[in-house]
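Asks: Residues per chain, in single letters:
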Amino acid sequence: MVAKGRATRLPEAYLPLPPATFHILFALADGELHGYAIMKGVAVHSEGTVRLGPGTLYGSLKRLLAGGLVEEGAERADPERGDERRRYYRLTPLGLSVVRAEARRLDAMVRAARRKKLIGVRPA
Amino acid sequence: MSAEQIYRLLLRAYPPDFRAEYGREMVLLFRDQCRERDVRTLGFWAAVICDVARSAPALRAEAWRVRGDENTRTLEVIMKLAAMLTLLLGVFGIASAVVEWVAGSKGAMDGRYVLAVVLGVFASVLLLGAGVAILLQTRWGRQPARLVLFASLASMAAARLLFPWMSIFSQLVGFGLPVTLLIALYWPRKHSAVGATSIVLMLVVGLSAPAAAAQAKPRDTTRAAATVKDLALTATQRQSFVRPYSVMEGVRIVMP
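Chains B and Y, in that order, give the protein sequences.
Residue 123, in numbering that gives the first Met the number 0, is where the first sequence stops; the numbers in between run on with no holes.
Residue 255, in numbering that gives the first Met the number 0, is where the second sequence stops; the numbers in between run on with no holes.
Pulled out of the complex, with its shape left as it was, chain B reads as follows (with noise of 0.2 Å):
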């Protein structure tokens, strides 16, 4: 969860990420993205595995606007759906620096995890 007190936390601090609020950042890392862009680039970065609703989505997103991780974009409407205004969102520094060091984490851990011929080899 998104901790408190933003300005003296380490991103270690936050560390592990709820599923959810990864994902959310993982894809926010390609750049600015209105929601729905978001839930699309979370379905496709989790191959169908993790699909988001509009209220875990946005619920998430006031969490990590608010745990400064993440900042509103100017609203616009968006060329390819030229349809509405939306609200666009991108990372902030401590935001990228966040889902970084969740990146390195969880890499550590699919490391070990091929150390211990858990994952990588194929059953017998």
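Treat the hints as calculated values from the structure; they're not laboratory data.
The model shown is predicted, which means the values in this text are computed figures rather than measured ones.
Just so you know, even glycine gets a beta-carbon here, dropped at the ideal spot from N, CA and C.
Don't take each hint at face value.
To give a feel for the contact side, a few chain B residues facing chain Y, derived at Cβ under 8 Å [said to hold, decoys possible]:
1. Met38
2. Gly40
3. His44
4. Gly52
5. Pro53
6. Gly54
7. Tyr57
8. Gly58
9. Lys61
10. Glu83
11. Arg85
12. Arg86
13. Tyr87
Dock chain Y against the given chain B, drawing on the hints supplied.
Replies: This is chain Y only, laid out in the frame that chain B set:
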């Protein structure tokens, strides 16, 4: 009813502040989902309802917690002001008891009167202590302030029993202030059954003290009659002064 209208109804499960901030964006996102998926399938609506059921209670709980924190901060400021008022009234109570003592010492004083004044001073000192305890916020929390306020209430009730001629203002301060402060001190910081029960118990205990003390009317008019016997008053004036002290119906007041 369209799918969007149903979704707008479902959005009512979220806190009003959240709806005001993100409601429009959520509807836009839902509209996008409707374009890409078949809204007539059970799976689509199961996913929508699951999302609302999973996220709305958490956001409601978060909104209540924030509101609770704000109320607690307001209560803390009120408690500080109440503590300062208690300090002032404690000092005033001591000064008032001293004045009472000086006035009473000009005539003959009986033991009950002396004890009542001493109890009045004691109750005021306890009020002073309660004010200090609330302001200082000791490491034992609010417990010392609560105990001191109960003791002050008990002293005041005893003083009222011994001295039924106590002024209305003194009674209001002596009973009203500790009861009000005790309600505030027992007010739960978080909603809980224990907090609610403690408030009810405190009200019963706190309000029964002045009620019991209110029963302490003199059973005869002797003392009141003796008070006015040397004053230059007419018989009617004497009777109008003494009558309120008689609680027995049909008692004939014999004036000296």
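Asks: Give a verdict on every hint.
Replies: Results for each hint:
Contact between Met38 (chain B) and chain Y, as hinted, is supported at the beta carbon level, the nearest pair being about 7 Å apart and thus within 8 Å. Interface restraint check for Gly40 (chain B): the shortest CB-CB distance to chain Y comes to about 13 Å, outside 8 Å, so the restraint is violated. This hint is violated: His44 (chain B) has a C-beta 18 Å from the nearest C-beta of chain Y, more than the 8 Å allowed. Among the interface hints, the one on Gly52 (chain B) holds; its C-beta lies about 3 Å from the nearest C-beta in chain Y, closer than the 8 Å criterion.
Checking Pro53 (chain B) against chain Y by beta carbon gives a least distance of about 4 Å; that is within 8 Å, so the hint holds. Given hint, Gly54 (chain B) at the interface with chain Y, holds; its Cβ is 3 Å from that chain's nearest Cβ, closer than 8 Å. Taken as an interface hint, Tyr57 (chain B) checks out: its beta carbon lies about 4 Å from the nearest beta carbon of chain Y, inside 8 Å. For Gly58 (chain B), the interface hint holds, the least distance from its beta-carbon to any beta-carbon of chain Y being 5 Å, beneath 8 Å.
At its closest, the beta carbon of Lys61 (chain B) sits 7 Å from a beta carbon of chain Y; the interface hint therefore holds under the 8 Å criterion. Taking 8 Å as the C-beta contact cut-off toward chain Y, the hint placing Glu83 (chain B) at the interface holds, the least distance being around 6 Å. The closest approach between the C-beta of Arg85 (chain B) and any C-beta of chain Y is roughly 6 Å, which is under the 8 Å cut-off, so the hint is satisfied. Satisfaction of the interface hint for Arg86 (chain B) is found here, the shortest Cβ-Cβ separation to chain Y being roughly 6 Å, below the 8 Å cut-off.
A least Cβ separation of about 11 Å between Tyr87 (chain B) and chain Y goes past the 8 Å threshold, and the interface hint is therefore violated.
Against the hints set out earlier in the document, violations occur for numbers 2, 3 and 13.
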